[in-house]
Every structure is written in C-alpha cells, then in structure tokens.
Amino acid sequence: MGSKKHKKEAKKKKHKSRSRSPLEGEERERKRHRKHKDRKRERSPDVQEVPVDSHQLKDDETNHSRGDSEDRDRRMRALHRPEKNESEGDKSVEYEREKTKSPVQTQSGGAQESLSIEETNRLRAKLGLKPLEVNEKPADDGKFKDDLGEFYHKPATNITEQKKTEKLKEKIKERKEKRNIEEKLQTTLLGEGSDDDDASAWVKRSRAIETQKKEAAKRAAMLDEMDAAFGVSALLPPRAPPAPAPYRAPSLRGLRVAHQLDALEDERETILTLADKEILAEDPEDVLINVNIVDNERYKKNVEERKKARAGYQAYDEEAELQASLGFRRSVLSKYDEQIQPDQLDKDKGFVIGDEASLDAHRRRELLLAQGPASRRMESLALPQPQLAADYMDQHEIQAKFKKTKRKGKMRTKPKDEPIDADTYDAAAAPLDTDDTDVRAGAAALVVDEEETEPDTELHAALARARRLRLKEVQDAAVPKVEELLERVKEEQVEAGPEGMLFDATAEFCRTLGEAPAYFAKQNPHSPEHNPDMDVEEAASGAWSRVDVDSEKPADLKAGSGAGALAGEPALGAGVAGALRLALSKGYLQRAGAAPAPPAAHSLAARHYSIEDKTYTDDDKHGRRERGYSGPLTDFREKSNFRPTVKLDYVDDDGRPLAPKEAFRYLSHKFHGKGPGKNKQEKRIKKAVQEGLMKKMSSTDTPLGTLQMLQDKQRETRSPYVLLSGAKRDAPH
Amino acid sequence: MLEVTCNDRLGKKVRVKCNPDDTVGDLKKLIAAQTGTRYDKIVLKKWYTVFKDHIKLADYEIHDGMNLELYYQ
Chain A
1 MGSKKHKKEA KKKKHKSRSR SPLEGEERER KRHRKHKDRK RERSPDVQEV PVDSHQLKDD
61 ETNHSRGDSE DRDRRMRALH RPEKNESEGD KSVEYEREKT KSPVQTQSGG AQESLSIEET
121 NRLRAKLGLK PLEVNEKPAD DGKFKDDLGE FYHKPATNIT EQKKTEKLKE KIKERKEKRN
181 IEEKLQTTLL GEGSDDDDAS AWVKRSRAIE TQKKEAAKRA AMLDEMDAAF GVSALLPPRA
241 PPAPAPYRAP SLRGLRVAHQ LDALEDERET ILTLADKEIL AEDPEDVLIN VNIVDNERYK
301 KNVEERKKAR AGYQAYDEEA ELQASLGFRR SVLSKYDEQI QPDQLDKDKG FVIGDEASLD
361 AHRRRELLLA QGPASRRMES LALPQPQLAA DYMDQHEIQA KFKKTKRKGK MRTKPKDEPI
421 DADTYDAAAA PLDTDDTDVR AGAAALVVDE EETEPDTELH AALARARRLR LKEVQDAAVP
481 KVEELLERVK EEQVEAGPEG MLFDATAEFC RTLGEAPAYF AKQNPHSPEH NPDMDVEEAA
541 SGAWSRVDVD SEKPADLKAG SGAGALAGEP ALGAGVAGAL RLALSKGYLQ RAGAAPAPPA
601 AHSLAARHYS IEDKTYTDDD KHGRRERGYS GPLTDFREKS NFRPTVKLDY VDDDGRPLAP
661 KEAFRYLSHK FHGKGPGKNK QEKRIKKAVQ EGLMKKMSST DTPLGTLQML QDKQRETRSP
721 YVLLSGAKRD APH
Chain B
1001 MLEVTCNDRL GKKVRVKCNP DDTVGDLKKL IAAQTGTRYD KIVLKKWYTV FKDHIKLADY
1061 EIHDGMNLEL YYQ
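Chains as they are written, first to last, in the working numbering: chain A, 1 to 733; chain B, 1001 to 1073.
In short, the hints are calculated from the structure, not lab data. There's no promise every hint is true.
With a Cα cut of at most 20 angstroms, we get these calculated SDA-like pairs of lysine to any residue [what the hints assert, rightly or not]:
1) K1056(B) x Y313(A)
2) K1013(B) x N290(A)
3) K670(A) x K680(A)
4) K126(A) x D1059(B)
5) K1013(B) x N135(A)
6) K130(A) x K1056(B)
7) K1041(B) x L123(A)
8) K130(A) x H1054(B)
9) K126(A) x D1021(B)
10) K647(A) x A663(A)
11) K1056(B) x N121(A)
12) K126(A) x R1015(B)
13) K1012(B) x S116(A)
14) K1013(B) x S116(A)
15) K490(A) x Q395(A)
16) K1012(B) x H1054(B)
17) K130(A) x V1050(B)
18) K130(A) x Q1034(B)
19) K126(A) x K1046(B)
20) K1056(B) x L123(A)
21) K130(A) x R1015(B)
22) K130(A) x I1055(B)
23) K130(A) x D1021(B)
24) K1056(B) x N290(A)
25) K1056(B) x E569(A)
26) K130(A) x A1058(B)
27) K300(A) x P284(A)
28) K130(A) x D1059(B)
29) K1052(B) x L129(A)
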C-alpha cells in the first residue's frame, strides 16, 4: 500500500544513523565489496603509499606527515565528492585513498604500477631509448588486423542484420507489386465515372466511338491496299491449307498389316496406325498396327510366359511329350527363346492389303494346319495275316545261322616253305613240338600263315617219321659215343690233376666225401672190396687217381679237349639211355670207375636198428606225404661260382618303393584282409602329396621363387641393387 | 605503444609502457627503473618460455595488456 510505504520511508528518515563505522551507506558497501589485495594493503599501517605523481604536486606536500595527508585527502575529497558530509571527514587515510583510488586507477594507479607517458619518455631518454610511439588508435570501424598486422579482415557477417534486411526487402517488393496490380485494376467502376445523367453526353460518346471504329477500319483497308501494291502479301505465309480429302481403298493397296486377319474383328471398324520404326532402319516398309490388338497380344504373351516361368523346367512334361508324338517338335531349352530372340513384329505374321492371292493361300494353309500336322503318322489296325510255319529254313535264315567265321589271328605257325624231306630232315635242328616260343626260328615264325590249314596232321606225321629216323641214327652211334664220353670224362679228370690245382669249396667237399669211403674202409678192414694197395693209394691221393706218366701214353688231348666240356649237351632221346647219358654229362651220376666207391651200406646204416622200429600203425601226415622227387639233390657243379646278391625290394601298389616297415604293414593288411581306416588313408595320401611337392620344389630357390624374381629385376634394371617400394620422405620420422 | 604488466607474485606488480619494437632488454631496463632492481638480474618468463634480451617484443608477439612473469636470477 502506498500509505504504508510512505510510512516506512518517513520512518527511515527520522532515525539517525547509530553506526559507529567511519564509513556510511555506499561507502560501507564499497568497502565490503573491495578486492582482497586492496584490503591487505590497507591493513599494514607501515606502508606509506606514495602517489605516483606526487612530484607533480608541490614538493612540500610529499613530505607531509600523516596529518597533512589528511588535509590533502580532504581536499581531494572535496574535489570529487563535494556533497560529502563534512563531519565525517576525519577518517583514516587509507580509506580515503581507497575511495579516490578506484575512479582514477587507470590514470594514476597505485604506486609503482604504471608511469605516465611523460614519465616513461623521460625514463627512456635517460636510458637511451627512443620515446614512446604514441599513435592514435586505428580506425575502429569494425576492421581488425591480422596477427601480423598486415591485412584487414572483413568483419564477420552479422546474421541478424542480414535477416532484417532481407525481410525489409521482401516487404518492399510485395508492396510494390501490390501497387502495380492495383494500378492495373484501377478501372472506373461501372456505376461511376461517367456522367450518365446526361443522355446527350452518352450519345455523343457513342458516336465518337463509332467514328473511331470506322476510321480504324479505313486505315486497315488502306494498309492492306498498300501491301498488295508492294507485293508483300506474297511473302506472307499462306493460309492454312484446306482439309485433306479422305483417302480410299486403292490408296492403301500394298501396305502391310502386322496382325492376323482373324484378329481384326468383323463388322467393326478397326483403326490402324503406322507402327513405330527406327529412323535408320534398313527396311523401308511401313507396317500398320492396331494398338489395342498389340496390347492384347502382349498381355497374353506375358501371361503365358509368367505361367511357364512359374512352372520352371519340367523334365516330364506330358503335354510336351504329346506334342512331340504328334509331330510338333520343340527346340531344346525352348523356355529361353524369348530371352535370346525377343519377339518382334514378325514378317510373316500379317497380311498385305489388297493382295488377294496371298490371303487365299494363307487361308488354305491355315485350314491344312487345323486338320493336323503333316507328319502325323496314321496307323491302321489291320494285323498281319497268320501264316503256316515253314519246315525248311529260309535262305536268309541259313545265312544268318551258319555263317562261317574266318579265323583271324596268329596261328601257331611252322616255317612251312616246302614239304619236308624226311631223309634230310634234321630233327635236331627242328623246333620241338612244345608250347614255348622258338627263339632260333623266330624270324620264320613271324610269317603268318594266312591260309586256312587243317590242324597240322601232315606236319605231325612228317615230324614223327623224322624223329624215328633220328633216334635210330642216334642209337647206332650211341655205343661208340658212350665210349667217347667216358674217355672224355677221364681225360678231364686227368687234365685237372697235374696242371693247376684249383681249390674250390664244392670240389673239396666232394673230395672229402670221396675220402669217406676210405675212412670207412679202414674201419671195416674185412670188407671184400677192400684192396690194401688201392687203399694206400687212395689214402695218399684222395680222389686223384694216380697216373703213371711213363707207362701210359700221354692223354689224348686233341680228342677230348674240344668236345670235353664245351660240347653241346647230349640230346635227350626217347629212351632211358639218353636220360642216363644226360644225367652223366650233367654230373648227377658218376661212372663206377671214375668216382670212388660209395660207402658200404652197412657202414652207414645204424647199428642198433631193427625193423620193428618202423611202425606203420598210426597215420602220421609225415608218413603219408608223397616222397616224390623234389629237385636236384646235389648242387649245380657248373654254377659253383655263382654267388647271388640278394636284394629284397618291396614296391607299393602305386609303384613307390617301400621301407621294410611299410612293407610289413602292407603284408599285414593283405594277410588280415583289413586295410587302414579312412583317416589313415587320408593321412597317407596327404603325405604322398607332400612328398610330391617336396620333390617338385626347387632346391636352389625359395618356394615363391624370390631369388629368381630378384635376379630378373636386376637384369631388367641393369643394376646390382633393388629399390624397395616407398620413398625416403615417406619414412616415419 | 603498449602497456605490459609484469608481476612477480611476491608483491611487485608493474605496468610498463613501451614500444612494440623495443627489445626485451629495453623492457627489462624500464622495469628495473620502476622496481628498483638491476636490469640484468631480471628474468622475464611466460610459463617456461624465457624471453631473450635481444629479441623485440613484436617478435615475441607481446601485445598490449599482456602479463609477464617476473623472476630474478
């Protein structure tokens, strides 16, 4: 309420301030809000602050004591605050100075804070520096310099200003336009403007209008005349030509329509238009189409395609099969035909206007098609007549059944150039009638006998005859031959004795074996065969039979040497004699005289042997075994020098050589019938592949062929170094 | 002409008027005249940047109203 306020105000004024602080009101506030540093300075009483420009004041003032300073302060206070209450002048110096300090801080400031320009100049002069450059502040027109003070920057655009100006502009524009429009619309209203009351005025006006019109017409006419006079009318474009006369049927003859005749409806008008054609098309013919029909066809085609596409590929399309059987052949992958060759206006799918002949042909063709495809086969249901079966074979059947097949192959051929002469036929030289291939007569065997021969009966007969003859011949010569052989054998043994003594393991063994009967003979001195002389002799010389050099004539070397050991082996004849001869020559048997007497049977037999020991009661498999001839009982004498080198090589299925361990593994698999598992096999395969790679790897280079690349690069650049990618400047630093 | 404030955080705060093309050495002389120390004992720094005597204030980009730290050596 206003009255209350008033009261408060009045109350305030009445009271006298009872505060004892030296400051009052605002001063106290100022003091409260003073900065910390000022307060500090104020507290220390020993600091005497000398004002900076104390020298400007009178000299005696600076030396004043506190009291004088008080005066000064009073004076200063008087200057700055004349309305100040005099009663409170007696305050401490600092407070006053505080008051005075704040407004003049920038100018005179505190002690030692700043010198004025004059002071500074004086100081500088003393120091030897040039005076201060006091320059007026540069035009503060919103421009501010660059950091280096070189350029003036454009002040930043004030966006609010910009917006304001824009708005103003718009408004101005709008108003202007409005004005224009209004000016245009500034027409006289019907009801006003003219003085309608006066009829005569109206009449006058209307007459004036009429006359104006007339004059305008006259003028136009005059102008036209002038134009005509100058022939300008010819230059003017002619008037629009008259409407074209409608065309008739004859004028359409020869144009092609791209639809079937059936597509065009009867008893209705079908509007045909020219089909779009490329400008640069080679074909100059124009084609007429009806857009509706075209659209319909396209729609149908799309529907069909969509259906087909949905169906996808049908391996067992019954419809297609049916069509195929009827004769409609469908091409392979027919569903892509549209994509490969998009359907265009077919050349043959239309008709030409006015061409009656083709139309008729077309109609006829269609009829034929409707009847059915030409290749449809018609089958009659008549069956072939049943006939009596014939007893005899037909000519053809005979030929089919009894066809003589020529034997085309390598026959087992004998060289059959001429008929064999039994007398001169050398059975020895003839190839034996065995299955082995004949090496001697190999060349002759290559001649393939093309002729068909009966199974070699004649030849066999001839051969048998020859054999018989040969045998006879052999037998005749057998006896003397045997004597010859004996001689030969003896000579061999005699020869070997005095000349060179060849010690051989097998020979020694035989020799010692020969000695054995002598040994046994010793033990049984009462054997009838025992001959003391012979015994001594034998004991002395072992198997060597003594030959008296003087008594006996020297061995006939001529007869024996040639045919001794190098003669061909005596042929195995048909009889036992031949076999014996062969065995003798081979050394399976020995003549009674040549070899030492075998040990007496009783000497070798067991002492305490009785017949009862042999029991045949229980069948043991060892007893039942066939104790047939199992091979040579003695070593091959002629192969006594043979020392075989045994090398066991195991090979994998793939042909790879196997280590003994692997070989054993292979054997085990084969033995047990179980191979390694899937993983093992894969492992093996991988290992084999790795081995292959290892073998293929180059031994002189890294797997990536780095060395080769390096050398190639060096050769290319013809320099011994290679520059790695990246420049020095791109190196991190 | 610019005015630079030098404060040594121990009670001495001086405002010195100088030219931008004065060297730091000249500035130190001015400071010395005002503070009463010797100019070669003064080190002017700004954080760890020690202002060298032979370089101009403009080169150090010391503008009007900047505060420099006053140290002694």
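Status of each hint after checking the structure:
Taken as a hint, the K1056(B) and Y313(A) pair is broken in the structure, with Cα atoms around 93 angstroms apart against an allowance of 20 angstroms. With a C-alpha separation of about 104 angstroms, the suggested pairing of K1013(B) with N290(A) is violated against the 20 angstroms cut-off. Pair hint K670(A) plus K680(A) holds up; C-alpha atoms about 16 angstroms apart against a cutoff of 20 angstroms. Note on K126(A) and D1059(B): the hinted pairing is violated, with a Cα-Cα distance of about 25 angstroms set against a maximum of 20 angstroms.
Note on K1013(B) and N135(A): the hinted pairing is violated, with a Cα-Cα distance of about 25 angstroms set against a maximum of 20 angstroms. Pair hint K130(A) plus K1056(B) holds up; C-alpha atoms about 14 angstroms apart against a cutoff of 20 angstroms. A distance of roughly 19 angstroms separates the Cα atoms of K1041(B) and L123(A); the hinted pair therefore holds under the 20 angstroms criterion. As the CA atoms of K130(A) and H1054(B) are separated by approximately 16 angstroms, the hinted pair is consistent with the 20 angstroms bound.
Taking the CA atoms of K126(A) and D1021(B), the gap is near 18 angstroms; set against the 20 angstroms cutoff, the hint holds. This hinted pair checks out: K647(A) and A663(A) have alpha carbons roughly 14 angstroms apart, not beyond 20 angstroms. With a C-alpha separation of about 19 angstroms, the suggested pairing of K1056(B) with N121(A) holds against the 20 angstroms cut-off. At most 20 angstroms may separate the alpha-carbon atoms for a hinted pair to count; K126(A) and R1015(B) meet this at roughly 19 angstroms.
With a CA separation close to 18 angstroms, the supplied pair K1012(B) and S116(A) stays within the 20 angstroms bound. At roughly 16 angstroms between alpha-carbon atoms, K1013(B) and S116(A) fall within 20 angstroms of each other, so this suggested pair holds. Restraint check for K490(A) and Q395(A): not satisfied, since their Cα atoms lie roughly 80 angstroms apart, outside the 20 angstroms limit. For the given pair, K1012(B) sits about 24 angstroms from H1054(B) by alpha-carbon distance, which is inconsistent with the 20 angstroms threshold.
Of the pairs offered as hints, the one joining K130(A) and V1050(B) is violated, with about 25 angstroms between alpha carbons and a cut-off of 20 angstroms exceeded. Between the alpha carbons of K130(A) and Q1034(B) the distance comes to roughly 18 angstroms, so the proposed pair stays at or under 20 angstroms and holds. Annotation: proposed proximity of K126(A) to K1046(B) is violated, straight-line Cα distance about 28 angstroms (limit 20 angstroms). A distance of roughly 19 angstroms separates the Cα atoms of K1056(B) and L123(A); the hinted pair therefore holds under the 20 angstroms criterion.
Pair hint K130(A) plus R1015(B) holds up; C-alpha atoms about 19 angstroms apart against a cutoff of 20 angstroms. Pair hint K130(A) plus I1055(B) holds up; C-alpha atoms about 17 angstroms apart against a cutoff of 20 angstroms. Using a Cα cut-off of 20 angstroms, the hinted pair K130(A) and D1021(B) holds, with the two alpha carbons roughly 10 angstroms apart. For a cut-off of 20 angstroms, the pair hint linking K1056(B) to N290(A) is broken: about 96 angstroms separates their Cα positions.
Note on K1056(B) and E569(A): the hinted pairing is violated, with a Cα-Cα distance of about 132 angstroms set against a maximum of 20 angstroms. Proposed proximity of K130(A) and A1058(B) is supported: the alpha carbons are some 16 angstroms apart, at most 20 angstroms. A hinted pair counts as satisfied when its Cα atoms are at most 20 angstroms apart, and K300(A) with P284(A) does not qualify at roughly 29 angstroms. As the CA atoms of K130(A) and D1059(B) are separated by approximately 18 angstroms, the hinted pair is consistent with the 20 angstroms bound.
Proximity of K1052(B) to L129(A) is assessed by CA-CA distance (about 18 angstroms); at most 20 angstroms being required, the pair is judged to hold.
Checked against the numbered hints listed earlier, the structure breaks hints 1, 2, 4, 5, 15, 16, 17, 19, 24, 25, 27; every other hint is satisfied.
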